[in-house]
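Please model the entire structure based on the sequences and the hints provided.
Each chain, letter by letter, is given below.
Number of protein chains: 2
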Amino acid sequence: MRITDIREAAAPLGAPMRNSVIDFSKMTVSTVAVITDVIRDGKPVIGYGFNSNGRYAQGEIIRSRLVPRILALSPEEQQTAAGDNLNPAQLYAAMLRNEKPGGHGERAVAVAAVEIAIWDATAKIAGLPLWRFLGGDDVQPRAFTYAAGGYYEANEGISGLVEEVQGYLDQGYTWTKIKIGGASLDDDLRRIEAVLELLDGDGSRLAVDANGCFDLETSLRYCAAMAPYGLRWFEEPGDPLDYALNNEVIRNYAGAVATGENLFSLQDATNLIRYGGLRRDVDYLQFDPALAYGVTETVAITQMLENEGWSPRRFIPHGGNLLALALTSALGLGGCESYPGVFQPFGGFADNTLIEDGYVTLPDVPGIGFEKKEKLFKVLKKMVE
Amino acid sequence: MRITDIREAAAPLGAPMRNSVIDFSKMTVSTVAVITDVIRDGKPVIGYGFNSNGRYAQGEIIRSRLVPRILALSPEEQQTAAGDNLNPAQLYAAMLRNEKPGGHGERAVAVAAVEIAIWDATAKIAGLPLWRFLGGDDVQPRAFTYAAGGYYEANEGISGLVEEVQGYLDQGYTWTKIKIGGASLDDDLRRIEAVLELLDGDGSRLAVDANGCFDLETSLRYCAAMAPYGLRWFEEPGDPLDYALNNEVIRNYAGAVATGENLFSLQDATNLIRYGGLRRDVDYLQFDPALAYGVTETVAITQMLENEGWSPRRFIPHGGNLLALALTSALGLGGCESYPGVFQPFGGFADNTLIEDGYVTLPDVPGIGFEKKEKLFKVLKKMVE
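If you read the sequences in order, they're chains A and B. So for the first sequence, our numbering puts the first residue at 1005; every next one is plus one. So for the second sequence, our numbering puts the first residue at 1005; every next one is plus one.
Please note that a few of the clues may not be correct.
It does not matter which identical chain is meant; a pair holds if it fits inside one copy or across any two.
The list that follows gives simulated cross-link-like pairs (lysine to any residue, SDA-like), each with its CA atoms no further than 20 Å apart [said to hold, decoys possible]:
1) K1379 x D1174
2) K1030 x G1063
3) K1047 x G1063
4) K1376 x A1354
5) K1030 x L1075
6) K1030 x P1072
7) K1382 x S1188
8) K1030 x I1074
9) K1382 x A1076
10) K1030 x E1197
11) K1382 x S1163
12) K1030 x S1068
13) K1386 x A1130
14) K1047 x Y1257
15) K1030 x R1073
16) K1030 x A1098
17) K1386 x R1073
18) K1030 x V1071
19) K1030 x D1174
20) K1379 x R1067
21) K1030 x M1230
Just so you know, the hints here were simulated from the structure itself, not pulled from any lab data. Model, not experiment: these values are computed from the prediction.
Structure follows, in structure tokens:
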């Protein structure tokens, strides 16, 4: 059993909006197809993957470094000891040969796109949805989700923001998240208050996200101004690696802080837990499997959290895609981000998925379920046509 | 005044050897040429740059993300307020537009290659060597250097290692560094002892480098076994981001520890200083300017060190190339790594440079001095022919 070919193609990320730090209109992602020699229903099993939003396509790393290392392996090196499936852990290790430790940036994104495709193929070979293949028989095909949006779109204004959030509520979402830091504090407070009005003033249903743009002083000004709202969380106040700033924010803010989407490895995640000052009973972690080396590393991060006394329910991954959803269910995480309507066709869940009282049902098909999202699958399929 | 074109080409890094973690035979680097509309001696001023060894070429990031952002700037945005030179700080900031914070990996390497070329052009426009342009009139065109080598080359054995180090001494180097962790502890101790014999048993002239391959237990076994030698330093015992391991090693080892070459940003460097347990009067820092965003970030890192009470003499950059040498002189760092004979043509200093009692003289030509290293300049020049 072996992987016979791996293809990569860059695709634009359909996203005209901006947060406090970046404009997404030029953002790209890498799509990957892993073709195997395993036949199911008369056709070779093909696994698909892509990296998450915010870090660009990584074709060069995939094609010049990762793919040759996998294709150089023998079938025995690619498969389980029993020879009944691919061995994702060994394939992951092979991708990291001749790679120095540290410096977890684009490489983590590139590996994630390929590694996710390997897991998609592996679950398909097992004939199981990834969430069940990884999580076992007791896993519930249902996960909490919340609607992330509230970007700074040109000419949208408060009325556009309110309309957007009303749309999320109409779709069945119960929590939402909006951006801050791309406007003045006063304007941001007006945005928050307008959304809170739709949420019956219940701050626990609204999170805000600064995307790491604040220095300590600005973070603390926002903390003081936002404290009365009792928001669900204040996400990424400052630089995601500035653990000292994170500590200061937490010392000055009784509400929850959430962070981690820009830490791309087990070691960086461990440092956040060791040095970030986060509170096990208050704060949230948001590592993104599709930016941080993929499934194997995310399982290791979840295990590290449990070893450090954290409930996996405190881990609510960034990403808003079918892979993050599958891992939320399989690993018992606290929920899964969703970006209704943006980052298309990569964001979002299976077509016609209903959001019921904030919960989403997972697709019950072999693999991650990309085949159940027509516009996404059309893009992925192109790689093998 | 403006940059009219930026070119990038990948080149193989001439290096047949391996350390404890990677085989360098497939390693590549990105070379960059920054072409300006400034005329000197009847020709446009061209700045050259390349990234340092160990992290591969980064053409995709350079061509698809960095170059378009620079070329989209107006001349006013590219130059100083006086209009008399390029403005490297503004050009650096432009390269990081639409880039999210954190995740300092390949991006830091790609930016470094371009940013170094911008500084080469800037110093050439000013008609000064970079070390004098940055460091001012009082800077000495002379820096300490040491010979890094002792890789695990096929069939070399102890006699080959001894021959190699004897060659460094014959060339005028006074300190050397060899790899550990690619063999058993016993074999590594034999390698260390064989080299010490050449150095009159003076451990302060020998450093060892594990390239981050050890877990805590193995690190401590090496600490215990190596303590009697009084070595110059024990480099990168474990994962470069594992600050807790670094602390444990330091608690169990009276000798110096050196680390930092795999931390690629000011924020990561700051975390090492905050959490790594390093001793201002004992240990060494080795951030690599040509992997870590380039000159501007290295100046900021050096300033951070001084703010934290560290002498810049404790900073001995990784890299072994003309850029690291120029910064060692300009910023008053403690020395500059050298890899005599390997990583060619990128490693090493100007042709016919004499090493005298461990010191090297800097080339006195405008820019970084790549033109004074014939085989290197031949490769760089290809981009504009």
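Each hint tested on the structure:
1. K1379 x D1174: Neither: 23 Å inside a copy, 67 Å across copies.
2. K1030 x G1063: Both. Shortest intra-copy (16 Å) and inter-copy (18 Å) distances satisfy the 20 Å Cα cut-off.
3. K1047 x G1063: neither (26 Å within a copy, 36 Å between copies)
4. K1376 x A1354: Intra 5 Å, inter 61 Å, cutoff 20 Å: intra-copy only.
5. K1030 x L1075: between (32 Å within a copy, 16 Å between copies)
6. K1030 x P1072: This pair counts as between: shortest inter-copy Cα distance 11 Å, intra-copy 29 Å.
7. K1382 x S1188: Neither: 41 Å inside a copy, 52 Å across copies.
8. K1030 x I1074: Between copies only: 15 Å across, 30 Å inside.
9. K1382 x A1076: neither (30 Å within a copy, 34 Å between copies)
10. K1030 x E1197: neither (31 Å within a copy, 56 Å between copies)
11. K1382 x S1163: Result: close neither inside a copy nor across copies, 34 Å intra and 61 Å inter.
12. K1030 x S1068: Answer is between: at 10 Å across copies they meet the 20 Å cutoff, but 24 Å inside does not.
13. K1386 x A1130: Neither. Shortest intra-copy (24 Å) and inter-copy (52 Å) distances fail the 20 Å Cα cut-off.
14. K1047 x Y1257: The answer is neither: 56 Å in one copy and 59 Å across copies each exceed 20 Å.
15. K1030 x R1073: between (30 Å within a copy, 11 Å between copies)
16. K1030 x A1098: between (32 Å within a copy, 15 Å between copies)
17. K1386 x R1073: neither (24 Å within a copy, 30 Å between copies)
18. K1030 x V1071: between (26 Å within a copy, 14 Å between copies)
19. K1030 x D1174: neither (30 Å within a copy, 55 Å between copies)
20. K1379 x R1067: Cα proximity of K1379 and R1067: none, with 25 Å in one copy and 29 Å across.
21. K1030 x M1230: neither (32 Å within a copy, 53 Å between copies)
In this structure, the earlier hints numbered 1, 3, 7, 9, 10, 11, 13, 14, 17, 19, 20 and 21 are contradicted, and the remaining ones agree with it.
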